[in-house]
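J.: Now for the letters of each chain:
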Amino acid sequence: MNAEERYTPLNWPDHPETQTLEGKNKFLGFWLFLAGETVLFASLFATYLALKDSVPDSSHPLAKDLFNLPLVFAMTMILLTSSITSVYAIYHMRNYHFKKMQAWFVITVLLGAGFLALEIYEFTHYVHEYHFTFGSSAFSSAYYTLVGTHGAHVTFGLCWIIALLVRNAKRGLNLYNAPKYYVASLYWHFIDVVWVFIFTVVYLIGKVG
Amino acid sequence: MSSVAVKKGLGASVWEYLTTVDHKKIAHLYLGTGGFFFLLGGIEALFIRIQLMKPNNNFVNEQLFNEIMTMHGTTMIFLAAMPILFAFMNAVVPIQIGARDVAFPFLNALGFWLFFFGGMFLNLSWFLGGAPDAGWTSYASLSLRSEGHGIDFYTLGLQISGFGTLISGINFLATIINMRAPGMSFMRMPLFTWTTFIASALILLAFPPLTIGVFLLMFDRLFGSNFFDVTMGGNTIIWEHFFWIFGHPEVYILVLPAFGIFSEIIPTFSRKRLFGYSSMVFATVLIGFLGFMVWAHHMFTTGLGNVANAIFAIATMAIAVPTGIKIFNWLLTMWGGSIKITVPMLYALGFIPSFVIGGVTGVMQAVAPLDYQLHDTYFIVAHFHYVIIGGVVFGILAATHFYWPKMFGTKLSEKMGYVTFTLFFIGFHCTFFIQHFLGLMGMPRRVATFLPGQGLELGNLISSIGAMLMAVAVIILLFNVVITSIRNKKVGADPWEDGRTMEWAIASPPPFYNFKQTPLVRGLDTWWLEKMEGKKELTPAEPLGDIHMPNNSIIPFFISLGLFVAAFGAMYNPLNSVGDGKSWGLPVLIIGLGITFGSMLIRSLRDDFGYHIHKEDLLEDDKGGKVG
Amino acid sequence: MGMKFGRLSFLFLLLTLVLAGCGEPFLSTLKPAGEVAETQLTLLFISTSIMVLVILVVVIIYLIVLFRFRRKKGEENKIPKQVEGSHKLEIIWTVIPILLLLSLSVPTIAATFKLGDVKDMDKVDKDGNREALVVNVRANLYWWEFEYPDLGIITSQDLVVPTDEKVYFNLKASDVKHSFWVPAAGGKMDTNTDNENKFYLVFDKEKADEAGNLFYGKCAELCGPSHAYMDFKVKAVSRDEFNQWATAMQKNKEEVQPTSDLAKQGQEVFQANNCIACHAVTANDARPETARTAPNLADFGNRTRVAGILEYNEENLKAWIQNPEKFKPGNQMYKEANLSEEELDALAEYLMGLKVQE
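Residue numbers (this note's numbering), protein chains in the order written: chain A, 1 to 209; chain B, 210 to 837; chain C, 838 to 1195.
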């Protein structure tokens, strides 16, 4: 049961992330954490919906005036793609292909960074073009808090995956770090799912509904 | 490497507690810190009752009264009741399921330290310009207008300690799901484990709305957002919803573990298995579920409309059914039993009628149109103190006596326990029963004083006298703790003689690895079964082997400390609405977060595989030696 | 069955006696002064009766258990039979409470819709005038404004209502959340900052007489340091008297000019200190509500209290004007004034002379 034991593709288990008790706990605990995060985001969504287009007077921009769907669509595509690439990474982890796993995680990180860059651009655009700042109305506060909290999660996810990659760059795969990669990718998927809801609830309904 | 050493200096002990990841030591920490806050909240309660002893009293001024009243509620709920319950959960639950530790020992320590620093931060408000003054509910329109930084201490402090609670909740869920010993199926779990499980699930789902609520309030007050500012399009009712979507389940987060404690104590001292175990489990789950469906009964007078009020009225009444099931099952557990009166059992016996009174007044408030009269009056104050003292505090006091031998290896004095119980019980009913009538007679809650000539003098005086009795009772309990600790007369594994669950099968206090061999669970009331078969030990499920243990770590302390530092930075950041922003605000915020994230990074960069206790050492330990 | 019913009604009677002994007729929810509070008191009785029944059952079982099943001397080693449970019993104590609660839920739902019914609020007669009396209540930090939109008059602190008819209220707050509560007349309703709440109350003539025509109203939601002092009074008078008052108020388009020299002096002090910027002295204050930042003083001479809490006399009035912070900390007037004794005398004389009718 030595977690650092060396493996070969032959004796490497099918589900390395849940082979050890620590791994099982991590796996379960992380799902539970995501349940809490879901309620957290649900609360932010509820706040957003309650305060959508709630502005002090007509000089303040509303959802339909603001959002730039092509840009957001591009962001969505980038983030969704990054979710797929992280699936590939886990696939290779399960097959004990360390280098391939690393490569796919690097691609995931790059895509995530691209998403983040576009989001920052989007925010600065709203601020400069529409004077739509964090404190300009209840609507703006709700918008930036919801989307910004998601952005903070993306940032944290990026740092996490990078730290994992750097720390384990030279050590290969073992039953100690396999669950770490696994939950990191789980987190990344969760962020993507939240974004799908943001895209629908904030942007699509904001522009169309 | 080991956490047990023969004789230790003070410094080493302090270091041990700062770094411990042992659930039993964390239990001590929770009990000590929670107990401290319980005394603090109690003193605040006394001040409230002294102020309200007579009309137009001037013991404290109105502003200070609001601060004391707010801190009394906040402290008792977040910093006293919940942590003390966590103490017993930590001390008992892993052993009850036959585990050597919790699923995440590191996170367990982190949860404690977050709570600790959150609580300290909140209470530092007394020394830094005034405590929060908008009630523990901190309704947004009032809390936005509140002057000074009191409310900011509230929002930041609760965020920090709230994270801790959330982490602890996740930890217990994972522990109970993953760490059960062989044979410990869900339907063999002791009721205290079950209630911990459901309460943890409630924590997981109820704390995020609170976190978001205080998060938004913090942004409004410190970073210029407008969630609750009506003139900017904001809406204060959102706060009320968030607060109560959290706040109502919170009541069950507190009371379910107390139910669990009584479900352990009553069978033990009746020498009879819990009557209707499966319906008790079912009732617990149902209460947890319904707990999320009723929050708007705190908002009947907010103006949500007739339909909403009617629906929430009926949903609220529904909770009485599973609660009633529990009461009758406890009664029937005792029926036909052989009841031995001990201090824990006395509290259980005191709990049943007290809690029933609190429960039925709850049903009365569920009658929405009647609640228009009762809401925000002393009737409500009476109701929730009946539920929280009659249920939760009685549970805590019962557990203190019941589990003290298991946690510290020595028994609290039963004689002094009887005195405490008697005074506390009389004082409690004296304080709060009359308050039902004060409310009906037209006394709103949270008033800093009342005017003469409105028929409220006598009731308030009686209530205040009762509070003194409770205070005396608590002082005697403290005395009891001190005396007992000095005498330190050691007790055996099963000091109550009728223990039924696994914690009574191992030494008091248990060795740091709990079980030398993981036990095999052969049925409900595992230890009772073995005893009835004349066995002196649990049946092992594995041969004696090396035991894997986690390493101690100081990192949880630093992660929490970082947030504590960051909170000061956030509070004095230049954008804050109080207008006393400092140039150091932002840097301190960044430094604090840096400490937190830096510590997390160190944690993830350093491999921590734990260590092993070797078989030979375990055998040595058995012969009276110490693993070292 | 008959006996059971007899016992139940005895219980009911006992409860009524116990509860009715409590509180003052002008304040207590147990001495209802109208339809709304009566409905609520009935609900209190119904629910209390059911609940006392539950408590009795529990207590009886509890006492039996305590007396019969205590461990006696010589039984130290007795092991009682380990009973698993009983489906029959579980069903009994699940079903009976459900039935009890269902029986409680019927009047609950009925009363919720009855008391929440404000449809008639906007009913108009054939001339297009509203039939019912509507009062706009605006709660402010530690004082109350009562506007009668159909009559075009505004008053503060003392709400005047006619007896024996439904009085409808529009409720809101202008700063922080408060709650409007006249315990004797009925339950409370919050005054939110976000929206207007509506409900109605009824004041019975007889009960009003018993209470000396004056009911106590309170703020029931924590609103700051002076929450406990945010009282108001309700003068419940006959419809005729109400009409007289309302007419007098409507006529009060111009300020009642002071007659005595002292009062004239007081008027000057009032104007010189710019009190008039916030306090209107006529009942027809046409300013928007955001400009009405202090209580209307048109009928101040007929007030029942100074600042809602102090006995109405010259001494208290002067003390209040000079040092409001002492009586209502955190109030929005000012912390303290620096008026001379003569100025205070004059002001008091002037203010106490502001009456729309004798």
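Keep in mind that the hints were calculated from the coordinates and are not lab data. Don't take each hint at face value.
Unchecked claim - Some but not every residue of chain B turned toward chain C, in silico, with C-beta under 10 Å:
#1 Ser479
#2 Phe498
#3 Leu499
#4 Asn515
#5 Thr570
#6 Met573
#7 Met650
#8 Ala702
#9 Trp705
Claimed, not checked - Computed footprint of chain B on chain A; a stretch qualifies when at least three of its residues, placed anywhere within it, have a C-beta under 8 Å from a C-beta of chain B:
#10 12-26
#11 193-206
Backbone N, C-alpha and C fix where the C-beta goes; we use that ideal spot for every residue, glycine too.
J.: Take the hints in turn and mark each one as holding or not.
T.: So, going through the hints one by one against the coordinates:
no.: 1; hint: Ser479; verdict: 7 Å, holds
no.: 2; hint: Phe498; verdict: 16 Å, violated
no.: 3; hint: Leu499; verdict: 13 Å, violated
no.: 4; hint: Asn515; verdict: 4 Å, holds
no.: 5; hint: Thr570; verdict: 8 Å, holds
no.: 6; hint: Met573; verdict: 4 Å, holds
no.: 7; hint: Met650; verdict: 3 Å, holds
no.: 8; hint: Ala702; verdict: 19 Å, violated
no.: 9; hint: Trp705; verdict: 13 Å, violated
no.: 10; hint: 12-26; verdict: holds (count 3)
no.: 11; hint: 193-206; verdict: violated (count 0)
Comparing the model with each numbered hint stated earlier shows that hints 2, 3, 8, 9, 11 do not hold.
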